[in-house]
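Colleague: Here is what each chain is made of, one letter per residue.
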Amino acid sequence: MRKLSVFLLFYMCTCALYSQDDLMDLLDQDSVPEINYATATFKSTRIMNGHSVERMPAGQLDFRISHRFGLLSSGPYEFFGLDQSNVHFGLNYGITDWLMIGIGRGTYEKTFDGFAKFTCLRQSSGARVMPVSVSILSSVALKSVKWSDPERENYFSSRLSYVGQVLIARKISQGLSLQITPSYVHRNLVPTELDPNDLFAVGAGGRIKLTRRISFNAEYYYLANPKARMSQQIYDPLSLGFDIETGGHVFQLIFTNSLAMIEKGFIGETTGNWLKGDIHFGFNISRVFTLKE
Amino acid sequence: MKRIVLFTIAVLLALPSGAQKYMTRNGYIGFYSHTALEDIKGDNNQVASVLDIATGGIVFQVLVKSFHFDKALMEEHFNENYMESEKFPKSTFNGKITNLSEVDFSKNGTYDVTVEGDLTIHGVTNKVTTKGTLEVRSDGISAASRFSLVPEDYKIEIPGLVRNNIAKSMEITVTMKYEPMSGK
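Protein sequence lines, in the order shown, are assigned to chains F and A. All residue numbers for the first sequence refer to our numbering, where the first residue is 1 and numbers rise by one. All residue numbers for the second sequence refer to our numbering, where the first residue is 1 and numbers rise by one.
The shape of chain A in the complex, shown without the other chains (with noise of 0.2 Å):
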């Protein structure tokens, strides 16, 4: 009995040591397209995302409509047209690094990782294995990742008149800048 106690106690006293989730509200996801007719950017600098490097669960969420571009109607053609915002303001992505163990938090560096889980875009759920790097810093922890996405994957229609201007598949590039979540 006296031992089960002190077994919890120690797993207890073991759990808050050191922080163990790591958080940003201003991340980086980009996309681009391009085409012989025409590049489309879209830069969204809102991204919040939390990283717990005890489960290696990582979840990310996108608001739709803070998405830029350099033209001003191609982002209301994205957000009116294609993403459909007002219907489906959020993207998410709820997922875990696959190779956690392969990762030394106590050791600063930049570790390889493979992350998988499922992506909500446009109201559509995929299941997508991609991978990133992570440098664990003594302040915080920096990912980044760069990976394709094909719109019709997440029936995101595109009309055949504009078909030559939209790429096949998007280019997404994710940067976060994660600092420890206090008290968590």
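One chain only, chain F, in its complex shape (with noise of 0.2 Å):
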């Protein structure tokens, strides 16, 4: 008799000690868990001069305009280069949340361009683990510059040449992503039978947040080829910057040896040495336009 009444008051202590934490257990207890994506891994769709793992979603629509100023060496009379001027401007827009497409016209040999990216992996943690972004870039671009030697027979074909690349990123952080890039560049014609038609190159872009709207970029690329059998003295671009973002825009502040803002131009085209100051002072500015919703 004792103890069942002992049992009895347990009990009736345990019902009243049923309490607010209890409720919030509740919710705890059997929730489904979730697919957890990693977004933002970059503030824009380029991390400098190179493409980010990132895209538009779909309906969105991103117009870029990039300059990119002389050289830094150029000194006080050219006022460190910002007298000369080489515009890109592009247009870029997601046809679904995968899939990104692209088009450009750029000084820089007057050449049009065009991409197209979409993205295979997506980092993600909870109910389903992916350690990694991937993107794949595919791009062409067609230098309408005058034909050097007009005399000679030239072809329109001559005027194109191609990029791939897989785009490798992780959110490491908040704060920090890093983004691995091998790529591929094919031209069908070079100035000269020294010059390869294909070049292989690694780069390495990463990015770490200083405030919660403002990051330092880096971005290399690594030309695998051997640079010394080239026509003419060829450098890895190097970039480093700041990305500033203010509600609709990203500005993107520049600083790189490459004067070329497509891929095919900074990887196998930059002439610009850091150690003597051979330095392009330059700006992005990102501003997307939302035209389906």
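In case anyone wonders, no lab produced these hints; they're calculated from the structure. Some clues are possibly wrong.
Simulated crosslink set (DSS-like; lysine-lysine; CA at most 27 Å straight-line) [claimed, not checked]:
no.: 1; chain 1: F; residue 1: K209; chain 2: A; residue 2: K65
no.: 2; chain 1: F; residue 1: K143; chain 2: F; residue 2: K227
no.: 3; chain 1: A; residue 1: K41; chain 2: A; residue 2: K90
no.: 4; chain 1: A; residue 1: K168; chain 2: A; residue 2: K131
no.: 5; chain 1: A; residue 1: K90; chain 2: A; residue 2: K155
no.: 6; chain 1: A; residue 1: K127; chain 2: A; residue 2: K41
no.: 7; chain 1: A; residue 1: K65; chain 2: A; residue 2: K177
no.: 8; chain 1: A; residue 1: K87; chain 2: F; residue 2: K209
no.: 9; chain 1: A; residue 1: K96; chain 2: A; residue 2: K155
no.: 10; chain 1: F; residue 1: K209; chain 2: A; residue 2: K155
no.: 11; chain 1: F; residue 1: K110; chain 2: F; residue 2: K227
no.: 12; chain 1: A; residue 1: K155; chain 2: A; residue 2: K168
no.: 13; chain 1: A; residue 1: K71; chain 2: F; residue 2: K292
no.: 14; chain 1: A; residue 1: K71; chain 2: F; residue 2: K209
no.: 15; chain 1: A; residue 1: K96; chain 2: A; residue 2: K131
no.: 16; chain 1: A; residue 1: K65; chain 2: F; residue 2: K292
no.: 17; chain 1: A; residue 1: K131; chain 2: A; residue 2: K90
no.: 18; chain 1: A; residue 1: K71; chain 2: A; residue 2: K90
no.: 19; chain 1: A; residue 1: K127; chain 2: A; residue 2: K90
no.: 20; chain 1: F; residue 1: K146; chain 2: F; residue 2: K110
no.: 21; chain 1: F; residue 1: K209; chain 2: A; residue 2: K90
no.: 22; chain 1: A; residue 1: K168; chain 2: A; residue 2: K65
no.: 23; chain 1: F; residue 1: K292; chain 2: A; residue 2: K41
no.: 24; chain 1: A; residue 1: K41; chain 2: A; residue 2: K155
Given two chains presented individually in distinct reference frames, assemble the corresponding complex, making use of the accompanying hints.
Modeller: Structure below.
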């Protein structure tokens, strides 16, 4: 009898203890684990010059205006390069959440370009674990600058070059993202017999967030072809800069030894040497418009 | 002695009769910010909540990443810049209906209630009191409320540059459809 009443008292006590926190626990129990995708690995679809793993979501149009000024080493007469300016305009559009296309036109060799970038893997944790995000970029460039030798028989195809890249990125923490970019460039026509038509390069880039809206970015491409055998001295492109985000805009301030703003140009045709001060100051402005909600 | 035992048994029998707790995992919470420049609307249809009609206890749990926006960029900024949803993945409310005696859960109808409790957003907890309605139906209970929140109260910083695009106070809409929890 006594045992029973002790048990009952105990039972009542536990009932009374059943409080608010237990309601919260009820919610935590049997909650379905979700797939948690890493978002905003990079603020923009470019790390600096080169593409990042990011793409525009469906229905979003990104209008990009990029500038590279002349060389800092050109001195005060040229206002450290600011008297000269190279422009690239780009329109990038997200067809779906995993496919983005873009067109552009740049001062450098009066080049038109087009690309498609699709995302095949998305970094995630939770119910499905995927350590990296992977995108594939394919681009074509058409240089429309007048033929250097109009007397020669020139073909339209000689104006074209192609780039393929695999973009592999990981958002390591909220503040740090890294990317590795194996790249292949094919030029239909090269200046001399010394220059290879095919180039192989590996890019490495990353960003460190300094505040919630500003990050420090760096990007480097290692050109694997023996540079000594080319007709002119080629350097690996190195770019350092900042992303500054303000609502619908992303400003990218850049210091780079490369004048071109498309892959074919900065991977294979960078002639500036950082050590000699051959550095171009420049910026990218990205403005996003929502075309389809 | 015998009397105590009988009383206890009676209490025990009374407790499990009828559902005490009501639950939902797909409740709705939305917020709306209106300014002359821009309207911002976020919707979340995956809100989990439990209502205990015996004590008046009511809790909500919201996964911040489950708020969806018309513009993808807004969603990214919401998570990355304002709510910091990696750092603070959940928002919660833990409170009580203060005028529980005015609600007759045995009779269908709509009742005005006042809810008071701790609201935690962006890692900051504030005491809030708000009014809402409970609709008792034979198959469950619906709850609705509308109130305002000031982001600054939850240390959600809004930079000067976009200050005019984001309202000083957000209008929050809550709509829940609870179902009785079995065996609880």
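Colleague: If a hint holds in the structure, say so; if it doesn't, say that too.
Modeller: Taking the hints in turn, this is what the structure says about them:
no.	hint	in the structure
1	F:K209 to A:K65	21 Å, holds
2	F:K143 to F:K227	23 Å, holds
3	A:K41 to A:K90	19 Å, holds
4	A:K168 to A:K131	21 Å, holds
5	A:K90 to A:K155	15 Å, holds
6	A:K127 to A:K41	24 Å, holds
7	A:K65 to A:K177	21 Å, holds
8	A:K87 to F:K209	15 Å, holds
9	A:K96 to A:K155	25 Å, holds
10	F:K209 to A:K155	20 Å, holds
11	F:K110 to F:K227	25 Å, holds
12	A:K155 to A:K168	13 Å, holds
13	A:K71 to F:K292	9 Å, holds
14	A:K71 to F:K209	24 Å, holds
15	A:K96 to A:K131	12 Å, holds
16	A:K65 to F:K292	22 Å, holds
17	A:K131 to A:K90	23 Å, holds
18	A:K71 to A:K90	22 Å, holds
19	A:K127 to A:K90	17 Å, holds
20	F:K146 to F:K110	9 Å, holds
21	F:K209 to A:K90	23 Å, holds
22	A:K168 to A:K65	22 Å, holds
23	F:K292 to A:K41	16 Å, holds
24	A:K41 to A:K155	20 Å, holds
Checked against the numbered hints given earlier, this structure breaks none of them.
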